[in-house]
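Enquirer: Sequence:
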Amino acid sequence: MSSSEQDPYLTFLERANKSYESNSVHTADGPPGEVMQVREGEGEEQDMGKLCDVCERTWYVSESDEHFEAVVLDSLPEFDEEFTVDEWDTHGQYRALADAVRGAGEDPENGHVKVYKVAGEGARVYYYVLTRMRDGGYAGGRVLSVET
Numbered sequence: 442m443s444s445s446e447q448d449p450y451l452t453f454l455e456r457a458n459k460s461y462e463s464n465s466v467h468t469a470d471g472p473p474g475e476v477m478q479v480r481e482g483e484g485e486e487q488d489m490g491k492l493c494d495v496c497e498r499t500w501y502v503s504e505s506d507e508h509f510e511a512v513v514l515d516s517l518p519e520f521d522e523e524f525t526v527d528e529w530d531t532h533g534q535y536r537a538l539a540d541a542v543r544g545a546g547e548d549p550e551n552g553h554v555k556v557y558k559v560a561g562e563g564a565r566v567y568y569y570v571l572t573r574m575r576d577g578g579y580a581g582g583r584v585l586s587v588e589t
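The opening residue of the sequence shown carries number 442 in the numbering used here; numbering runs sequentially from there.
A couple of the hints might just be wrong.
[Stated by the list, open to error] Computed Cβ-Cβ distance ranges for the label pairs, DEER-style:
#, residue 1, residue 2, range
1, D548, E504, 34 to 42 angstroms
2, H508, G563, 17 to 25 angstroms
3, D530, A564, 18 to 26 angstroms
[Unchecked claim] Here are the simulated DMTMM-like pairs of lysine to aspartate or glutamate, each with C-alpha atoms no more than 20 angstroms apart in a straight line:
#, residue 1, residue 2
4, K558, E523
5, K491, E507
6, K491, E504
7, K558, E507
8, K558, E522
9, K491, D576
10, K558, E519
11, K491, D521
12, K491, D540
13, K558, E504
14, K558, D521
15, K558, E528
16, K558, D506
17, K558, D515
18, K558, E588
19, K491, D548
20, K491, E550
21, K558, D530
22, K491, E547
23, K558, E510
Calculated directly from the structure, the hints in this document are not laboratory data.
From the three backbone atoms N, C-alpha and C, an ideal C-beta is built for every residue, glycine too.
Given these sequences and hints, build the entire structure.
Expert: Spelled out as structure tokens, the structure:
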């Protein structure tokens with residue numbers, strides 16, 4: 442490879458291998474056309490560090506293979522379908538994520554975790570794995586899935 446061909450490739454590799462801060466809450470844009478109130482984690486009593494770490498390490502297998510992003514929401518997204526974790530995760534692949542979400546909520550031992558499916562543009566779908574927080578908001582993980 443010539444040096445001019447290597448530069449874009451090296452840039453691509455650097456971006457692909459970028460390490461994420463383990464204690465940050467990602468607030469990437471939600472589904473297209475939907476306005477959601479997403480706020481940064483306030484570091485209250487919730488253990489967002491573990492949730493962020495688990496989200497960063499957990500990949501959702503679909504045609505896009507995306508990792509989860511930790512999110513804190515003021516209200517639930519407008520969803521198309523609602524699932525229990527067992528209905529959504531029939532093979533038990535995302536148990537660690539559900540446990541981390543539960544741990545960030547109002548009742549870390551017995552809190553309810555729900556999965557919400559939000560339609561995106563075309564074949565894009567967003568899954569939100571959320572639990573209620575003590576302050577009335579929601580904490581959890583969000584992931585993009587491409588389903589054709």
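Enquirer: With the threshold set at 20 angstroms, check whether the alpha-carbon distance from K558 to E528 stays at or below it.
Expert: OK: K558 and E528 at ~12 angstroms, within 20 angstroms.
Enquirer: Take a quick look at whether K558 and E519 sit within 20 angstroms of each other, Cα to Cα.
Expert: With a Cα-Cα distance of about 9 angstroms, the restraint between K558 and E519 holds, given a limit of 20 angstroms.
Enquirer: Hinted pair, alpha-carbon criterion (20 angstroms max): K558, E588. Please report holds or violated.
Expert: holds (12 angstroms)
Enquirer: Given the hinted pair K558 and E522, is their alpha-carbon gap at most 20 angstroms?
Expert: holds (5 angstroms)
Enquirer: Next pair to validate is K558 with E523; report whether the Cα-Cα distance is within 20 angstroms.
Expert: holds (6 angstroms)
Enquirer: Are the Cα atoms of K558 and D530 separated by 20 angstroms or less?
Expert: holds (13 angstroms)
Enquirer: For a C-alpha distance cap of 20 angstroms, please report whether K558 and D521 respect it.
Expert: holds (6 angstroms)
Enquirer: With the threshold set at 20 angstroms, check whether the alpha-carbon distance from K558 to D515 stays at or below it.
Expert: Since the Cα atoms of K558 and D515 sit roughly 17 angstroms apart, the hinted pair holds (cutoff 20 angstroms).
Enquirer: Between the alpha carbons of K491 and E504, is the straight-line distance 20 angstroms or under?
Expert: violated (27 angstroms)
Enquirer: Just to be careful, I want the Cα atoms of K491 and D540 compared with a cutoff of 20 angstroms; is the pair within it?
Expert: holds (10 angstroms)
Enquirer: Check the hint pairing K491 with D576 against an upper bound of 20 angstroms on the C-alpha distance.
Expert: Distance ~19 angstroms between K491 and D576 Cα, so the pair holds.
Enquirer: Could you see if the CB distance from H508 to G563 stays within 17 to 25 angstroms?
Expert: About 21 angstroms separates the Cβ atoms of H508 and G563, which means 17 to 25 angstroms holds.
Hint check: violations occur at hints 6, 11; the rest are consistent with the structure.
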